[in-house]
Amino acid sequence: MALRRIFVANRGEIAVRIVRAARELGIATVQAVSAADGAMLAARLADAVAPVGPAHATKSYLDKEAMLRAARESGCDAVHPGYGFLSENADFARMVEEAGLVFIGPSADTIRQMGDKATARRMAAQAGVPTLPGSEGRVEGLAAARAAAAAVGFPVMIKAAAGGGGRGIRVAASAEALDALIPQAAAEAAAAFGDGGLYLERFVAEARHVEVQVLGDGRDAIHLWERECSLQRRRQKVWEEAPAPGLAPSAREALCASAVRLARAVGYRGAGTLEYLYDAATGAFYFIEMNTRIQVEHPVTEMITGLDLVREMIRIAGGEPLRLAQGDVQPRGHAIEVRINAEDAARGFRPAPGTVTGLTVPGGPGVRFDAMLYPGCAVPPFYDSLLGKLVVWDETRAAALARLERALGELAVEGVPTTAPLHRALLRDPAVRAGAVHTRWLEAWLESNPLAP
Amino acid sequence: MALKTVHAPLPGTFYRSPTPGEPPFKAENDAVAVGDTVGLIEVMKTFTPVTAEEAGILKAFHVGNEDAVMAGQPLYDLEEG
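So the sequences go chain by chain: G and H. Each residue of the first sequence is one higher than the one before, counting from 89 in this note's numbering. Each residue of the second sequence is one higher than the one before, counting from 274 in this note's numbering.
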């Protein structure tokens with residue numbers, strides 16, 4: 089069943105991305121708009137817009153009933169959830185399906201299974217995917233936590249089963265710390281996620297974040313190689329690359345093959361990402377969690393494979409089988425993405441909404457700029473600060489770094505401060521140039537290399 | 274008794290309670306001391322407390338819980354003590 093009209097249940101740059109992919113497939117789009125977003129770029133580019141509520145996201149983009157009602161009333165036959173908001177909400181996926189519309193993503197059951205991080209970890213282990221030493225599923229009560237931590241060894245991470253994306257994580261250095269932290273973590277998880285369930289994993293001090301893109305049609309699945317996203321601030325990625333620098337070919341093959349095993353085991357449909365912790369000291373990798381949606385950093389995979397992931401998601405949702413066999417996906421060259429956020433990097437990354445008064449977009453060979461920007465556009469204070477992503481591709485990593493430096497030099501966003509100065513500074517750092525970073529590297533680097541106002 | 278209108282220091286979403294379901298920081302007719310937290314403003318997922326710069330009695334809010342505010346928009350009225 090080919091789709092005719094897609095409801096874009098998101099905003100910002102990813103909404104623009106979805107509208108573009110749909111248009112290339114000859115599919116119409118209806119853009120959801122909150123009261124703050126009527127003039128956003130995706131609303132201008134879509135075939136139609138549908139108001140979904142007030143500025144505050146819980147009353148608009150996070151309101152399941154309001155979003156589904158707008159999708160139905162605007163005559164859509166499918167919903168693309170983007171990332172964030174309702175993209176990993178199993179109840180919303182089920183509501184969409186029960187209303188007779190197509191949810192562009194995996195089934196509600198898959199979202200629920202992978203959304204419970206303790207369940208995902210167990211299923212990964214069953215599929216032969218390496219996981220960090222840790223508890224068998226959830227730990228119920230302090231005694232069980234103590235026993236599990238003793239088996240795993242300290243320091244140990246305490247994680248919320250309903251968490252993810254780096255939220256709800258604590259590190260206990262000792263048994264005494266564990267006793268103090270378990271009740272706190274349970275209470276906090278119950279308050280933040282409505283589920284106080286916890287599980288434990290071994291803590292690795294200097295870990296790299298490596299993730300594998302998968303694509304499935306519900307029957308078969310393939311991988312589209314890996315990305316490295318170790319440069320993070322407050323557990324938010326700021327810079328992503330494909331492929332992961334310095335990964336041995338054998339490690340890369342084993343990592344990507346393990347991701348396909350889990351995707352096949354759950355009958356995965358659509359685009360998904362398995363996140364791994366990679367211990368560069370030992371060469372071991374461990375599954376952390378699966379994200380059952382398109383990710384912010386998907387363009388670096390597109391740049392090295394030549395594929396359009398959002399288009400593939402839409403085709404699969406429309407009932408088409410995978411168009412590619414694993415052997416058809418041949419990576420070429422190196423891609424880097426840097427996130428351009430409306431934050432004042434020189435002032436503690438203070439969020440900076442406002443109006444973009446001027447804009448110069450980088451161009452030329454191997455440069456792509458996926459953004460929600462146009463001169464005069466508003467950057468509302470109500471949503472996250474991502475304005476866009478500057479992506480470069482070149483034949484080698486060294487050439488891609490040079491191209492990124494050139495493209496960042498061309499980029500000018502006037503009216504709001506951005507994180508572009510952070511990326512210009514990072515480009516000059518020997519560790520970044522060598523790819524010798526880990527997930528806690530950037531915060532330490534910022535302490536000793538504050539950005540000049 | 275002079276009534277003074279205090280304006281929002283930054284744009285975003287205004288919250289009257291620390292977390293949903295908890296009592297508000299300040300109810301109408303509550304006493305406010307310098308430095309008291311009156312509410313939170315969320316800007317791009319970052320929460321900034323709105324603290325009182327003057328003491329008095331908080332007479333009325335101009336903005337409801339979870340409502341959008343623009344910088345400089347009237348936030349609450351204070352009867353100066």
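Calculated from the structure, these hints are not laboratory results. There's no promise every hint is true.
In silico DSS-like pairs for lysine-lysine, Cα to Cα no more than 30 Å straight-line [stated by the list, open to error]:
1) K332(H) - K299(H)
2) K147(G) - K318(H)
3) K147(G) - K299(H)
4) K332(H) - K152(G)
5) K332(H) - K277(H)
6) K332(H) - K147(G)
7) K318(H) - K332(H)
Tested hints:
Of the pairs offered as hints, the one joining K332(H) and K299(H) holds, with about 10 Å between alpha carbons and a cut-off of 30 Å not exceeded. This hinted pair checks out: K147(G) and K318(H) have alpha carbons roughly 15 Å apart, not beyond 30 Å. The straight-line distance between the Cα atoms of K147(G) and K299(H) is roughly 24 Å, inside the 30 Å bound, and the hint therefore holds. Among the hinted pairs, K332(H) with K152(G) is inconsistent with the structure: their alpha-carbon atoms are about 36 Å apart, more than 30 Å.
Proposed proximity of K332(H) and K277(H) is supported: the alpha carbons are some 10 Å apart, at most 30 Å. A distance of roughly 28 Å separates the Cα atoms of K332(H) and K147(G); the hinted pair therefore holds under the 30 Å criterion. Restraint check: the Cα-Cα separation between K318(H) and K332(H) comes to about 29 Å, which is no more than 30 Å; the hinted pair holds.
Consistency with the previously given hints fails for number 4 only.
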